[in-house]
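Peer 1: Here the protein sequences come in this chain order: A and B.
So the first sequence is numbered by my numbering: it starts at 1 and just counts up by one.
So the second sequence is numbered by my numbering: it starts at 1 and just counts up by one.
No lab work stands behind these hints, which were simulated from the structure alone.
Beta carbons are placed, not taken as given, at the ideal position from N, Cα and C, and that holds for glycine.
Be aware that one or more of the hints could be misleading.
[To be verified] Ranges of calculated distance between the beta carbons of each label pair, as one might list FRET restraints: (1) A:Asn-243 - B:Asp-75: 53 to 63 angstroms; (2) B:Ser-52 - A:Tyr-236: 35 to 45 angstroms; (3) B:Ser-52 - A:Val-263: 16 to 26 angstroms.
[Unchecked claim] Chain A stretches covered by chain B per the calculated footprint, using a threshold of three residues with CB under 8 angstroms from any CB of chain B: (4) 15-21; (5) 181-195.
If you want the building blocks of each chain, they are given just below.
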Amino acid sequence: MHINAQELYVSTEPASNMAAGSIGVRLNTKIFSMKYESVYAVRFDPEVMFGISKKLMVHINAYTSNMYQQHLRFEGTSLYAKYRFYSSDDIQTHFRMAAFSKISFINNPQQLQVGNKFYNNDEIDLDGNNSGLLAGIVATQLLHKLALSSSAAFENRWNNLDASKLPAQSSKAVNYTLSAGYLLLPRVYTNYHQTNFNLYCEFLGSSSLDKKSYYIDAAPAVQFIFNSISRLDFSYRTQLFGNMQRLTNNNFLVRFEYNFLNVFKNR
Amino acid sequence: MKKIFLSLMIILLALITNAQAEKAQFQASGLTCSMCSNAINKALKTVPFIESINTDLNKNLFEITFKKNVPVDLDAIKKKVEDAGFSIAKFWIVADFKNVKIDKEEHVAVGNFNFHFMNVKQQTLNGEQRLQLIDKDFVSAKEFKKNNAYTSMPCYQTGTMAECCKSADANLNASNRIYHVTI
Chain A
1 MHINAQELYV STEPASNMAA GSIGVRLNTK IFSMKYESVY AVRFDPEVMF
51 GISKKLMVHI NAYTSNMYQQ HLRFEGTSLY AKYRFYSSDD IQTHFRMAAF
101 SKISFINNPQ QLQVGNKFYN NDEIDLDGNN SGLLAGIVAT QLLHKLALSS
151 SAAFENRWNN LDASKLPAQS SKAVNYTLSA GYLLLPRVYT NYHQTNFNLY
201 CEFLGSSSLD KKSYYIDAAP AVQFIFNSIS RLDFSYRTQL FGNMQRLTNN
251 NFLVRFEYNF LNVFKNR
Chain B
1 MKKIFLSLMI ILLALITNAQ AEKAQFQASG LTCSMCSNAI NKALKTVPFI
51 ESINTDLNKN LFEITFKKNV PVDLDAIKKK VEDAGFSIAK FWIVADFKNV
101 KIDKEEHVAV GNFNFHFMNV KQQTLNGEQR LQLIDKDFVS AKEFKKNNAY
151 TSMPCYQTGT MAECCKSADA NLNASNRIYH VTI
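Bound-form chain B, shown alone:
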């Protein structure tokens, strides 16, 4: 009974939510061989919210399709890549948006995620959109340094909620994690 109730809640939550993360795409760095890539591939297969994985072995690109209505933890993907011995160079989230207003330095709750938009124009997102996650260790160290120019807020350094986020928006998810994204 409890299980059914919980599933109903999750489905309801998904219905009223303003966006649904469908996929993630990332480029792994620090490798060229298929044996290395396979270590990442096999590690990702142990992640419970991942439905399927597609790989471009020549470019070390991975496309992950998420299971529907299962909470997604992007940091868990990063950990799997790092445990396999490699790093993430670029990471994108593909989500279906419903009337989500964004602006630069805005903090927006998108589905189960809290997003901090950086270096974007004021706009309303609708339909399938691809956001690039630019948090530390989701881009190369060089790129992370470069992106510091787009924000003065301290939450970019840590990826966790700080004073800057609390004053920005009251409608964020309860999670302390704030993902910094751009388009």
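Pulled out of the complex, with its shape left as it was, chain A reads as follows:
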């Protein structure tokens, strides 16, 4: 009997890619507890993923939320690409490295307005809050009992679409993550239809390069995998340390993912 590692991380991406020629669809729903309002904001984020080749995959996201106003409103889109450039596999272990980049076009206001007050947001969030560009490197080590993954990325915030001028808030940051995952169930595999239950612990940090502020969040997560083809993730993300001016310090994520294998021919 042994415990297997899992690297289907919830808050980050591993260095491994999805199967070439396959398409994955996700519905991500995030519920934010807003720091300056006694309300929860919600963001819906459908995502389509393409396994272009064994080394290259691409994600496209579209964001809709009520974070900056009472009603749901379409906020924009993002494009993410990941290229696996190093892979060393052995039986039930591997070490892989990938480079990734994300570009985001968002039309939200640059600041949050609550009554007559305006709040800055130094947290650069390309998942719906800000337009910008991110580029980084991720390394994933799958050992028999432990899957560890770590990434570092440089993030550059741009003016949001339709926003006239960037207010005095952070526009450059370095993000860093550390993730670990375990397969709890099943103890022994018998077929592809068994439901898998995975446990994750992820740490997500960011340091602003122009405001000298930072945060480190913890994002524990649970994951169910059904029929080896779809998954359901739940994660709670909350700030552990930090002094960054943020609009929200914690959120709850629910994600459903379904994969369509061998949809198109790859090179």
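Mind docking chain B on chain A? Use the hints.
Peer 2: Quick look at chain B alone, frame taken from chain A:
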């Protein structure tokens, strides 16, 4: 008419051939999860010469049964595994042999394959036998390096026919691909 003729030829060829590949077994590396394994499983199902697939999910072992009298391309299996995002750690071919003489560094046409036997004793193969394919990317990188000690012939590096193969045997199949195997 042409189709019938072709099928007859294939059946005839199978009858006179000295061996018939029945199955392949391999261990995939770089994965532990059933979702990953399923990606390999589903990719293999699109391969035309594969009849059925059995999987041991705990050891990531796959057993493939080939369709009878359909040409088998072992590199196509490797490509499917790699496209799913993983690698092959070990790969075996199970074939039914009829009086096939082998020796180390011998090049032998076995059914539709050209085999280069490495690290074996001189013997005659009969009945069902399991050969391990030790070409690049059919074993771990570490193992491939180790196996270099068993041959000085350059065809092991590329898996394609070189001068070393041509002088060795004139009765090989027309295919340029030479699979390096051991027992």
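Peer 1: What are the numbers of the hints the structure violates, in ascending order?
Peer 2: none
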